[in-house]
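From these two lone chains plus the hints, build me the complex, please.
Heads up: the sequence lines are chains B and S, in that order.
Heads up: take any position in the first sequence, counting from 1, add 843, and you land on our numbering.
Heads up: take any position in the second sequence, counting from 1, add 154, and you land on our numbering.
Because the hints were derived from the structure by calculation, they are not lab data.
Predicted model, so just to flag it, every value in this text is computed and none were measured.
In this text, a Cβ means the ideal position worked out from N, Cα and C, and glycines have one as well.
Mixed in with the good hints there might be a few duds.
Label pairs and their in silico Cβ distance ranges [stated by the list, open to error]:
1) B:H859 / S:A283: 21 to 29 Å
2) S:R203 / B:N948: 53 to 61 Å
3) S:P171 / B:E984: 53 to 61 Å
4) S:N368 / B:G970: 36 to 44 Å
5) S:N368 / B:H859: 32 to 40 Å
6) B:A975 / S:R203: 37 to 45 Å
7) B:W965 / S:Q204: 26 to 34 Å
8) B:E984 / S:Q204: 49 to 57 Å
9) B:D845 / S:G181: 46 to 54 Å
10) S:T394 / B:E861: 14 to 22 Å
A partial selection of chain S residues facing chain B, derived with a Cβ cut-off under 7 Å [claimed, not checked]:
11) R248
12) T250
13) G251
14) F253
15) K256
16) S259
17) L433
18) V440
19) G444
20) H445
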Amino acid sequence: MDDWNYKPAGDLGLSHDEAFKSLKRESGLIATALHWIWWSFVRAYLVLWHRLKVEGRENLPKVPPFVLVANHSSHLDALVLAAPLDLRLRDQIFPIAAGDVFFTNPAISAFAALMLNALPMWRKNCGPHALAELKRRLIEEPCCYILFPEGQRSRTGEMLPFKAGLGMMLAGTNVPIVPCYLDGCFQALRPETHWPVRHPITIRIGRPLTFADAPNRREGWEQVANELQAAVKALRTE
Amino acid sequence: MSPYERLFSPAHAFEHPVTVWLTVALGVALTVSPLVLLTLGRRIAETRRQRLWSRWRSWLVLTLLLVGPILLGAAWTIVAICVLSLLCYREYARATGLFREKAISLTIVVGILLITFATMDNWYRLFMALTPLTITLILTVALFADRPQGYIQRTALGVLGFVLFGHGLGHLGHLANDVNFRPLILMVLVAAEMNVVFSYFVGRTLGHVPLCPNTSPKVTVAGVLGGLVLTTMLVMLLGTSVFRGTELANWHHLIVLGILISVVGQLGALIFASIKRDLGIKDFDVTIPGHGGLLDRFDRIVPMAAVVFHYVNYFVGVGAGQQVRIWTTFG
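Next comes chain S alone, as it looks inside the complex (with noise of 0.2 Å):
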């Protein structure tokens, strides 16, 4: 496949029969969810049916925004990344104050653009070059101000929102230099959602045990548990497909990338519930009805896109064969 068909091509969106399964399982999700609804009716109360309403309402678009630019080709998947990784910066910015430093912030969107531009160019070093180069970058354009009291506070947040948002996340979209790219990302997005479901009702059926009560009280022991076996066994069946042909596809690590996936998709609901709780704020926004902000539905991918990309490109080498790059290679 050349770089351009990959980048800009929906011919071969259904070729992987991973991304049939998934895309096929996600439409009939989206199909039975408001004919269960509809069946159950008034039987259950009025508020709990809004809610479900619109949460079913939030889960047909952020479905549609996601799965959409994944199905068309790589360039769009890339931008789609692009643009949750600043909604996440605003959020986390206008949550923390940082938004109120404008040349911080401003370094920040101009990281994360240099990422994306570094991702679409399949130049895997200039990628991991911006990270340190950006935090230099944010570390001066701080002193501009010539304001030393609240420095570190500033900087430190900076750094983390461009880590966090710029560096973690662009790591997703950087799995989009796979050749594989649509059953691997839906893959882990799934992943990490189902992570969420599976340790709802593990949590609700078996949980009594808080696992850190302070931090965020309806996480169970029994449901991370939970959560954690379900996911497994989930990556482990698509894994089986998804890396088929290569090292990965061995069953010990599938088992070390599903609990990978579960383990660090439940730190990072912990580490935003952290970053929450010290914040004092119940949710990050209102920009998904139902749901809160963005950053309150993908906090589980934010630190597990670094994770599995790396994971797989150590053992198969993420966009192995793929010409890298594409667009600043002259001559």
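Isolated chain B (complex conformation) (with noise of 0.2 Å):
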């Protein structure tokens, strides 16, 4: 008779404060009803208050892995780039956010983690083996990403020029990514401001492309960011 296969969870044996932290970390019934809970009234919020429209849903793959990229202005853009996915989805999708801003106050972290699921991108030393981990867990597990590849938000609303960590990761594969623009974003929160005004938001998803050709090295990292930074500018414009 073979042996049963055992996974028990990425993050057991880690403290709740570094099992927050950590690119291992899964959800739990607790965690996963409070996405549940926060997605919902997530969504309820950017549709009553922001009168959210999505543009080109059908866009979106139906199973992950995906990855959704799109322009960053506003700490909105993770809560509205995710708004659209499928609920039953919710405990698969992660935005990756950044670990100095989110997962450095343990009462944040904790709340980065259990509500809105996000993992943490160390900006000032994110190594190889941490892109390499996540590249292991999207094709994996599968999940979704959702990130944001100028690496900050921009302070004028204009499109700053996407990074090639986000080629590390996915050139090579063959991994779907969905380039959106979201429209309005900046004017709602805009990086001054700590409370959000009413202003219409719309997302428009892209078609998904895929870099299974790209070579892992710098000038494919590169073409990956470029071709990437095209598809989501051309959104803008349509």
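Here is the structure:
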């Protein structure tokens, strides 16, 4: 008789604080319930307060793995980008958030992990090991990431150049990457303000791209970043 | 004593001498231990000292969380055991990977909550009926995924989890339906933990022959036998008072109860050691600093609870004379 295969939780043996920051964190029943409550609330809020409009919903893949990338100019962006996704996928959707903003204070860290289901990206020392772990999880689990390749919020509303780190994770894979453009988030919650104002928000979702042929080295990473940037920019003018 | 007094009133907390003895003994142990550590000071290595302090802090919190509800009343005891069952199931599910099966996990949580309700209501028939019913429900909800690959593994892990932490630990909660629940539950908990201490010290002093080296290399034959003899003596000492005036106060019954507590407790430790070895993990979690997970600390009690319950129930009757179906009898 063959042995059964067991797979303990990826964050087994970590304290709560360590688990919140871990890229191997997995959701239990309580986290799942919190995700459902939080995302249902966010969806209702965006529709009622910001009159959220989704264009190109048919371009969203039905099953993981896939990655959503978009322009980044507001703290609302990750919420808006995740809103049109199927609630049943909630535990598999991970916004990739700045570690130094969302995972240094224990309370904010708990909120980011338990409500948003965010995973940290440590911008100043994000080594290849962390990107390799994210890539492994994306493909093997499989799951969905919400990524902002600009690496920071734009302070003017204008798009910043996409960083090549995204390419390090996705070059040479068949994972569909969905370019999206977020229109209205900057006006709804500007970087210098703390509370959102009532302003309509629209997401334009483009056709998924794959980069199976892109070489997994510097030029391939830049190709991924450039093509995605062009795809997002094209959605802005549609 | 009315059922509401038993459930909610701490007025009778120190009515029984065994409750007083054990509460005082635990208080003294927790007060003296840090004094000993302070006296020993730098005569013990820094890492060892840190570990001992960490263990003492953990024991302090655990004792308050366990003894507090028992003294407050049966309802608080039942709720505390429900929380313990849920947390133990959480550790088991995360260790085995069963937590990814949300429908099965939810069914088990609901089953544990219903077991708690049946216990709180002193509705023994429902309590016993919930185990086969929950198992059937686990087997049913696992069908909804329409994923036959791994069906046996998923459902078997779910059934085992419910039987161990819902049904098994639920018996400890059901002991709270006895009018004498405070000394009885305290005796079981203290005997289980003292069995660990007795086995450890006898094993370290006299133990050379491991009992089952692949499962738990530190468990020795001498440790187990020493734990058996000393725990049985402790149960006889306490049981004489706990069961005074009943058939179980006879010395031969107390010897059997002591042996059952020791043997089943030791088996509980070996059962969970086997589960950990099979999974390739050292501890179930890091919930209790210095101890590991809750399951690393309460492994002996999980199978022991049902054995003690049925032994006492057979000869004396747990909850004899107490109103049944307290909340669900209308008119």
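(request) Answer holds if the nearest beta-carbon of chain B is closer than 7 Å to that of S:K256; otherwise answer violated. (result) Because about 6 Å separates S:K256 from the closest Cβ in chain B, which is inside the 7 Å limit, the hint holds.
(request) Kindly confirm whether 36 to 44 Å is satisfied by the beta carbon distance between S:N368 and B:G970. (result) 39 Å, holds
(message) Between the beta carbons of B:W965 and S:Q204, is the distance compatible with 26 to 34 Å?
(response) 29 Å, holds
(request) Just tell me: holds or violated, for the beta carbon distance of S:R203 and B:N948 against 53 to 61 Å? (result) 32 Å, violated
(message) Just to be careful: measuring from the Cβ of S:F253 to every Cβ in chain B, is the smallest value less than 7 Å?
(response) At about 5 Å, which falls below the 7 Å cut-off, the nearest Cβ of chain B leaves the hint on S:F253 intact, so it holds.
(request) Return the status of the interface hint for S:R248: holds when the least beta-carbon distance to chain B is below 7 Å, violated otherwise. (result) Nearest chain B Cβ about 4 Å off; hint holds.
(message) The hint names S:G444 as touching chain B; please verify it with the least Cβ-Cβ distance against 7 Å.
(response) 13 Å, violated
(message) Under 7 Å is the threshold here; is the Cβ of S:V440 close enough to any Cβ of chain B for the hint to stand?
(response) 6 Å, holds
(request) Evaluate the given range 46 to 54 Å for the C-beta pair formed by B:D845 and S:G181. (result) For S:G181 against B:D845, whose Cβ atoms are near 53 Å apart, the range 46 to 54 Å holds.
(message) Just to be sure I understand the hint, the distance between the Cβ atoms of S:T394 and B:E861 should be within 14 to 22 Å; is that true here?
(response) Violated, since S:T394 and B:E861 (Cβ atoms, about 48 Å apart) do not stay within the stated range.
(request) For B:H859 and S:A283, compare the CB-CB distance with the range 21 to 29 Å and indicate the outcome. (result) 37 Å, violated
(request) Against chain B, run the beta carbon of S:T250 and see if the smallest gap drops under 7 Å. (result) 6 Å, holds
Of the numbered hints listed earlier, those contradicted by the structure are 1, 2, 8, 10, 19, 20.
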